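Protein chains in written order, with the numbering used here: chain D, 1269 to 1696; chain G, 1269 to 1696; chain P, 1269 to 1696.
Since the hints were derived computationally from the structure, they do not count as laboratory data.
Treat the hints with care, as some may be off.
It does not matter which identical chain is meant; a pair holds if it fits inside one copy or across any two.
List of simulated lysine to aspartate or glutamate pairs, DMTMM-like, C-alpha gap at most 20 Å [claimed, not checked]:
#, residue 1, residue 2
1, Lys-1671, Asp-1534
2, Lys-1393, Glu-1648
3, Lys-1503, Asp-1660
4, Lys-1643, Glu-1585
5, Lys-1651, Asp-1555
6, Lys-1340, Asp-1323
7, Lys-1474, Asp-1534
8, Lys-1643, Glu-1373
9, Lys-1651, Asp-1690
10, Lys-1696, Asp-1347
11, Lys-1609, Glu-1338
12, Lys-1688, Asp-1323
13, Lys-1671, Asp-1545
14, Lys-1313, Asp-1678
15, Lys-1542, Asp-1347
16, Lys-1671, Asp-1555
17, Lys-1685, Asp-1323
Quick caveat, the model's predicted, so the values are computed rather than measured.
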Amino acid sequence: MENNIGQTMYNWATELFPINRSLTGKGVRETLSYFQNIIPELEIKSVPSGYKAFDWTVPEEWAIGDAYIENKEGEKIVDFKLNNLHVVGYSEPVNDWFSLEELNEHLYSLPEQPDTIPYVTSYYKKRWGFCLSENQRQKLESGDYHVVINSEFKDGVLNYGEVILPGKSNKEVFLSSYICHPSMANNELSGPVVTIALCDWLSKQKDREFTYRIVLIPETIGSIVYLSKNLDEMKQKVFAGFNITCIGDDRCYSYLPSRTENTISDIVALHVLKHTDPDFRRYSWLDRGSDERQYCAPGVDLPIATIMRSKYGEYPEYHTSDDNLDLISPDGLTGGFEALKKAITVLENNNFLRTTVNCEPQLGKRGLYPTISVKGSANEARKMMNFISYCDGNLSLLEIANKINEPVWDLYDLSEKLIKNDVIEVVK
Amino acid sequence: MENNIGQTMYNWATELFPINRSLTGKGVRETLSYFQNIIPELEIKSVPSGYKAFDWTVPEEWAIGDAYIENKEGEKIVDFKLNNLHVVGYSEPVNDWFSLEELNEHLYSLPEQPDTIPYVTSYYKKRWGFCLSENQRQKLESGDYHVVINSEFKDGVLNYGEVILPGKSNKEVFLSSYICHPSMANNELSGPVVTIALCDWLSKQKDREFTYRIVLIPETIGSIVYLSKNLDEMKQKVFAGFNITCIGDDRCYSYLPSRTENTISDIVALHVLKHTDPDFRRYSWLDRGSDERQYCAPGVDLPIATIMRSKYGEYPEYHTSDDNLDLISPDGLTGGFEALKKAITVLENNNFLRTTVNCEPQLGKRGLYPTISVKGSANEARKMMNFISYCDGNLSLLEIANKINEPVWDLYDLSEKLIKNDVIEVVK
Amino acid sequence: MENNIGQTMYNWATELFPINRSLTGKGVRETLSYFQNIIPELEIKSVPSGYKAFDWTVPEEWAIGDAYIENKEGEKIVDFKLNNLHVVGYSEPVNDWFSLEELNEHLYSLPEQPDTIPYVTSYYKKRWGFCLSENQRQKLESGDYHVVINSEFKDGVLNYGEVILPGKSNKEVFLSSYICHPSMANNELSGPVVTIALCDWLSKQKDREFTYRIVLIPETIGSIVYLSKNLDEMKQKVFAGFNITCIGDDRCYSYLPSRTENTISDIVALHVLKHTDPDFRRYSWLDRGSDERQYCAPGVDLPIATIMRSKYGEYPEYHTSDDNLDLISPDGLTGGFEALKKAITVLENNNFLRTTVNCEPQLGKRGLYPTISVKGSANEARKMMNFISYCDGNLSLLEIANKINEPVWDLYDLSEKLIKNDVIEVVK
């Protein structure tokens, strides 16, 4: 991996951008294979079409070859080869002539964003359709059009990727992102590339405290399938986790809570974002829209929160051809990566601490406190004294950081120094 | 009962207005009989004068015939026949001549509301007095006046009315109003007429979930008497209830809490008022002044809250001759009736709900969710999805409504539809 | 003690002002003896130099005779006899000639307060130094200076004073102040003189409910020594207490919480200050700086809060020669004394109360309620009725006072009257 993690992630996204991902099929497999080259531990798993997962059934696998709309002159007016958003996801095959009036019922455009191709899918009901810009649509003259979609439905599989990085404890941190959207950048490629970068970083951490369960799945059906196979185990082991999506632009940071809004993941996310960017946007459970819908559903209730940059549904390019590689950036991806890395690091270091002595320790004799008392001399040691004053064995490092209003990452060295000087100790 | 419930209640109030009610006596009995004609289940009960109820003793019954102040010319200056507020409630008999100076010590008027007759009582100490407008009083010339009050105290009874409407459960909702004020409209006739309208509506509801205990009593002594006879049973059965008073004008809505401020009655009242009129006035326990003083007293602590229109003590006409039939209206009474009806309906429907499956249910296959995913298509189903996301078996319908910030009455149909589609179920 | 308690305390401070107190030594003993003359029950105790108290060791005793800086002409430029702040506390002996450059490394002044001598100590590291005003320092011409400090370190003792005033209960209220600062008035003499005035007042109270443990100690090392000898007993007995410091000027009132911020001492302090001066300054645990650092340390956690006038570190004269007898005043001391007296009185009277009857008591028959009901007549009895309405056996007098938003001291007579009338009773 390159030194510049932001550029590395951006390069991955650039290479993955053209692939036509969907819920199932070749695009998903190509994407997972690409990541397997980076993370050899990534296992590519599958369930067959028709597999029952709770209330849901895995749909048939969808394959698409050529697809276009041709006018009477034989000019391709709309061509899937130029942009894979042009075809409605899971379109059924068609090869026929239609009047403009008939065709219009199968066309999708955005009058308010006239240059932009929308992203449309119809996974669970058979239909066909094309997406195009409003400007392109306005140019269509009345007459007949030849419509071709060479698509195919067949019994196949739904694929997903899974990495387990074992730690000292079998308690797990869960990271999840999705790989089912065609050529779009913030939603979704930023999600899997940041997830894989985190996975790479974690795999290099010696002495990981916790086990990491990291998955790349198709959204909704994929998380439901994964839960249907792993829920019991996950309810026992997973104590924290993050859904990773929309984490590649540099306009803002965003937080979306778990359903109960008070898990350790929520507390960590809020701490990290508050000290990363005080103006981060705080959403509520009512604003949810990704796989936390499943991970935090009643009866599931895993402790999963979401740290994002610009949230899905809240930026104008969302689910259109404008959500492209210009929207995300190495800096934007790095900001998201660092926020999640900080969140994970907090979890790894979130010890309960207590002083080794009653009353304040005598820090002067350890060279940790000014030996002369002049007006204001105590101020430099104030952060350390505040920190120690909350080491009562009942508060974690994160809780202490919140009490004294410091970023927890500014306390790691201090905590270590005080442990080394036998002033505080970790509560076992 | 007429279709127009507001007009019906107003007509009742109009017919009851002239009756000279007091703590005891003929006026109370006439009022209870009037309501018994509407609700045959209403039982008229009594306790004798001298009956001990906790710290209190039921006073003698008071009867009053003629009462007036006459000048030397034999003109009746103040005449009880013209307005029954003219005599201080529970006045002892008198028939004598007094100088203006002597008389003045027995006169009550309101200098700041010079056209208005105040309402005054002296239930537990023997005295006599007349109430008149300040303007009327200013016209009195010095000289002697003949004062006549043909009143009588005798061992008798204190009457009250009680209806028990049984439901499937013997858990009870308690409704209480009072019938001890002479000719005044918002405080008090609005209270008993709305209570009787609710009683009539409830008696027609098939499959009532809960039992309803509904009483019409004289204020304070009546509620104390009632509690002294029923407290043990009520503490076991009553889980919610409302004191019904000052509910007939149309200037505002008001809420007065129970003593603990957090009973189910309080939560329901706040929900109903918030979604009925966001500008409703919120009072505290320190502002109390009606029978909640007894129902929520230490050691009693029944879960009774109060939903009102203009609160007693807070509107200028309170306890004067200006609190007349012009102050209340069919619309005002209807607003109060509907708010209480909604509150009761919430209690009847406040089930705990949970999803029948893990993860989100697949609503598309049930025709409950759009089958095509375009930007924004999920918005129409958002309220339903939010609702389902809180059906975890630990939250009641009311709590879910508060979580998703919807009036609970907008969720009844949705809840039923989802139950019918086997998506959610009631927790038994 | 004189009638005018403020003047009395001020006179004590005036007499104690010149004494050169430090952590140990003659000044501490003179100060304790002075107070022993007022409170004969005050025991003067000691621990030897080298005594181990938790993480700390009691230092040698420090004695100082003459100390000055002399120029070549034999003029005393800086003279300890003129102001005992001139010598750095615990300075080691010196008798030698130094160039101005060498001398400067041992001089302390405050460029931003050029007329003022700072207060500096070096208890745990041997050094010597002089403090002087910046103006005085600027006048020093280059050349050699004769420096003399006739000080001595020796095995001795650390002294402290202790009074135990037994009460009916062996539950204890703890009061602590310190006696280790030389000539300064708000910090510190206001603390011990108010503490001794409280001790005198308490010793005269018959029927004290609680036992009072009152100590005068050197700050930090003294409280640590005291805790090392008494912690187990104090954790069993002490349920409330106050650290008493900076309580003699009249600029404001201040509150500093215990570490948990929710002990009974905190609740009492907030109540007293809110009703004494609504503009009192509320500090947080992060602003602490006196012996609460020890009393509330993790593992110690005694329920100690602090009521002050101008808080240490927050007023410009703090730890300088300007913190003199002009800064404090009889009125300022009285205000602090009264606030603490009120706090203690709250603790003594903080009974749990409940009504003797169900429902509201009939107060009219006891002469406690107006017998006539006119508009507004209930208002005069409103405070009493509000009070009674919270006497449910689960709330203390202080909690009731907070519920009805009245100063608790305005409820003592009312409470007594209602107990005498058998309306309420103390819960045993």
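How the hints compare with the structure:
For the homomeric pair Lys-1671 and Asp-1534, the shortest alpha-carbon distances inside one copy (17 Å) and between copies (18 Å) are both at most 20 Å. Within a single copy, Lys-1393 and Glu-1648 get their C-alpha atoms only as close as 66 Å, which misses the 20 Å cut-off; across copies the closest is 18 Å, which meets it. For the homomeric pair Lys-1503 and Asp-1660, the shortest alpha-carbon distance between copies (16 Å) is at most 20 Å, but the shortest distance inside one copy (30 Å) is not. When the C-alpha separation of Lys-1643 and Glu-1585 is checked against a cutoff of 20 Å, the pair qualifies only between copies, where the shortest distance is 10 Å, while the shortest distance within a copy is 57 Å.
With identical chains, the CA atoms of Lys-1651 and Asp-1555 are at most 20 Å apart between copies only, with a shortest distance of 11 Å across copies and 38 Å within one. In this assembly of identical chains, the alpha carbons of Lys-1340 and Asp-1323 never lie at most 20 Å apart, being 46 Å within a copy and 93 Å across copies at closest. For the homomeric pair Lys-1474 and Asp-1534, neither the shortest alpha-carbon distance inside one copy (26 Å) nor that between copies (47 Å) is at most 20 Å. Within a single copy, Lys-1643 and Glu-1373 get their C-alpha atoms only as close as 79 Å, which misses the 20 Å cut-off; across copies the closest is 17 Å, which meets it.
Proximity of Lys-1651 to Asp-1690 under the C-alpha cut-off of 20 Å is restricted to the intra-copy arrangement: shortest distance 18 Å within a copy versus 56 Å between copies. For the homomeric pair Lys-1696 and Asp-1347, neither the shortest alpha-carbon distance inside one copy (63 Å) nor that between copies (57 Å) is at most 20 Å. For the identical chains of this complex, Lys-1609 and Glu-1338 are neighbours neither inside a copy (49 Å) nor across copies (63 Å), given an alpha-carbon limit of 20 Å. In the homo-oligomer, the alpha carbons of Lys-1688 and Asp-1323 lie at most 20 Å apart only across protomers (16 Å), although the nearest pairing inside one protomer, at 54 Å, exceeds that limit.
Only within a single protomer do Lys-1671 and Asp-1545 lie at most 20 Å apart by alpha-carbon distance; the minimum there is 19 Å, versus 28 Å between protomers. For the homomeric pair Lys-1313 and Asp-1678, neither the shortest alpha-carbon distance inside one copy (40 Å) nor that between copies (44 Å) is at most 20 Å. In this homomeric assembly, Lys-1542 and Asp-1347 never come within 20 Å of each other (Cα to Cα): the closest approach is 46 Å inside a single copy and 54 Å across copies. In this assembly of identical chains, Lys-1671 and Asp-1555 lie within 20 Å of each other by CA distance solely across copies; the values are 13 Å between and 29 Å within a copy.
Taking CA atoms no more than 20 Å apart as the test, Lys-1685 paired with Asp-1323 passes between copies only; the shortest distance there is 17 Å, against 53 Å inside one copy.
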